[in-house]
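Trainee: One line per chain: the protein sequences are A and B, in this order. Here the numbering used here is used: position 192 in the first sequence is 192, and no number is missing along the way. Here the numbering used here is used: position 472 in the second sequence is 1472, and no number is missing along the way.
Hints are not guaranteed to be accurate.
Derived contacts from chain A toward chain B, CB cut-off under 10 Å, selection only [claimed, not checked]:
hint, residue
1, GLY19
2, LEU22
3, ALA26
4, GLY49
5, ILE80
6, PRO87
7, VAL88
8, THR101
9, ASN139
Source of the hints: derived by calculation from the structure; they are not laboratory data. Note that the Cβ used here is the ideal one computed from N, Cα and C, for glycine as well.
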Amino acid sequence: MLEIKNLHANINGKEILKGLSLSVNAGEVHAIMGPNGAGKSTLSSVLTGNPAFTVTEGDVTFNGKNLLELLPEDRSREGIFLSFQYPVEIPGVSMVNFMRTAVNEHRKYKNLEPMSASDFLKLQREKKELVEMDSKLANRSVNEGFSGGEKKRNEIFQMAMLDPKLSILDETDSGLDIDALRIVANGVNKLKRPDNASIVITHYQRLLDYIVPDFVHVLYDGRIVKSGGKELALELEERGYDWIKKEVEGE
Amino acid sequence: MSADILQEVTQNDYKYGFTTDIETDIIPIGLSEDVVRLISKKKNEPQWMLDFRLKAYRHWLTMKMPEWAHLDIPEIDYQSIAYYAAPRKNAPKSLDEVDPELIKTFEKLGIPLEERMALSGIAVDAVMDSVSVKTTFKESLGKLGIIFCSFSEAVENHPDLVQKYMSSVVPYTDNFFATLNCAVFSDGSFVYIPKGVRCPMELSTYFRINAINTGQFERTLIIADDDSYVSYLEGCTAPMRDENQLHAAIVEIVAMKNAEVKYSTVQNWYPGDKNGLGGVYNFVTKRGICKGENSKLSWTQVETGSAITWKYPSCILLGDNSSAEFYSVAVTNHHQQADTGTKMLHIGKNTSSHILSKGISAGISQNSYRGLVKINPAAENARNFSQCDSLLLGDKCGAHTFPYMEVNNDTAIVEHEATTSKINEDQIFYCNQRGISTEDAVGLIVNGYAKDVINKLPMEFAVEAQKLLQITLEGSVG
């Protein structure tokens, strides 16, 4: 589904990704872990086409298409979804209006008619339940005045609405208490299917108790330096990242 | 990177820029007493109207253009403008007599002149250049005693009302542009709502400048007698021309005891091209008086057009317990300049006013809010709340706020809030990531920002205004 080869990217001239390679197949959950500043969030930004970052080298293909040539909105319409670490507030734009615009843009891209208001509301009701989201939130402005937990739930709600092929969860656990974490993780698990995949970026093993990964990768200094099964996450939790740093620097 | 995205400015899509090929009676350019007399003669006016014009003209000669606004106004040669232009076939009795080209023009603008087709239930006075072309629903409104006609007809048929109220709110000495208007005004709309009548439909005037090198000087007078209600809409467009065109209008509103007047404007005069060539200079004096107790007046404006906008719809709160509102969205893009706001003059007891101004600047435009809240010594328990927000797109435009307050009564409560924000790349990228293009994202964000004002507009106008906001800002971001 997703094939990243030797990806180099920088922001304001500072190189963050230094030859990252990763391959994700349908049905898989990949966890990406690593110390602060390793390039975890940069990876999600580059994959989704954030214009703040410049790709200098490497290839990314998504379902056979050259992802790096696509506009950010087309990457979304192709089925890439990012659950933001810090979702922004858009004052005055209601969640309903925002989501309806997004859903219909996705449909237009697939040459489908816009969804009727009643179908949309039905879909929305269904998906809200998935993340136990307060129905009042949908009538409020996008993320405005939402608590940290509400914002993250809102991200997963949007993910459910857009039904992506590849979901990237960027530090979705940060700022969540244990109950919110469980709700968010449940939502993600319910959306898991054999024909979609997720990349879970996290700092801590905690989230991986709820969203069980098939693969765990350690990102350090702009590259994936170690990959393994879910037991690697436990090892990292126990031993920290220093031993990895040493291994890498000892090369 | 942000600069790169925002710098890429494309041509505005001004869809009203066409001209109508129609035989026009246009007087030679220039301004003098003779021209004033000629205009009056062309309109078959009574002596008192000519006297009023001449009085204003002589006073105007002693005046200078105001320079206090935050505007860079090029020198205007008042002798190079024609002060009267009219489609040749005048004063049609029925739609059949209206030049088909004119009907086509207004149809193209989405203005229904055919009453059977006017499903929206809006009565329209259509003004092209200097004259009113057609007023719809005149008869059915007349059954309720409502007078809705062109200003010229009002002078002819209701001289006592015109003489009583004309220039009672905006004196002929008021300001440079208002005084000029008093001397050379051509046409406009007149509305009288009798006592106790609730006007059953929205009344609207649609102004269209067509002729070249012509100034448009219309005046509108609305009188709402005791216990009456009216909602009034005003729309304006002009063809795309390389020359600047001058527009100096006057609107006067009188609200008597318990009367309520809502005045909504969607101003979309041609703004000039992206290099600042052409466009309408819009110098407008709008003022209403809440004359009677418990009267209400509200101004709602969406200002997207004109190269230069100089406009301060104001309220004199004379009657006790009267209230006034001013809701404004002013958008400037490319080289546009706007200096707009309001004045709230509290004189009566327990008067209240509410100001909500939303400025949006893009390109290299300059957008200023200028407002005065004045509480007179007699205005016990006056209240005002003002909120002035500015939204910036890009880093080459300017937003300015000039709030003035004069409070001369200790019991008054006057509050002012102001914010300035930028559409940031994070918001746009967030929308992009959900599949929404940058253009649509800007439209969403701007409409969200302006929502509280747009919601005050009558339904049909609100939809139009939302589209207009998006079109005006098209190409202002990436």
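Trainee: Does the interface hint hold: is GLY49/A within less than 10 Å of chain B, judged Cβ to Cβ?
Mentor: holds (7 Å)
Trainee: Any CB of chain B closer than 10 Å to the CB of ASN139/A?
Mentor: With a minimum Cβ separation of about 13 Å from chain B (threshold 10 Å), the hint on ASN139/A is violated.
Trainee: Taking the least C-beta to C-beta distance, is GLY19/A closer than 10 Å to chain B?
Mentor: Hint on GLY19/A: violated, closest Cβ of chain B at ~23 Å, above 10 Å.
Trainee: So, as I understand it, the hint says ILE80/A touches chain B; can you test that by seeing if any CB pair is closer than 10 Å?
Mentor: holds (8 Å)
Trainee: So, ALA26/A near chain B? Judge it on the closest CB pair being under 10 Å.
Mentor: With a minimum Cβ separation of about 21 Å from chain B (threshold 10 Å), the hint on ALA26/A is violated.
Trainee: Hint validation: LEU22/A versus chain B, beta carbon distance must be below 10 Å. Holds or violated?
Mentor: violated (20 Å)
Trainee: Taking the closest Cβ pair, is VAL88/A under 10 Å from chain B?
Mentor: VAL88/A check passes; min Cβ-Cβ to chain B is 5 Å, inside 10 Å.
Trainee: So, THR101/A near chain B? Judge it on the closest CB pair being under 10 Å.
Mentor: holds (6 Å)
Trainee: Just to be careful: measuring from the Cβ of PRO87/A to every Cβ in chain B, is the smallest value less than 10 Å?
Mentor: Holds, about 7 Å.
Checked against the numbered hints given earlier, this structure breaks hints 1, 2, 3 and 9; the rest are met.
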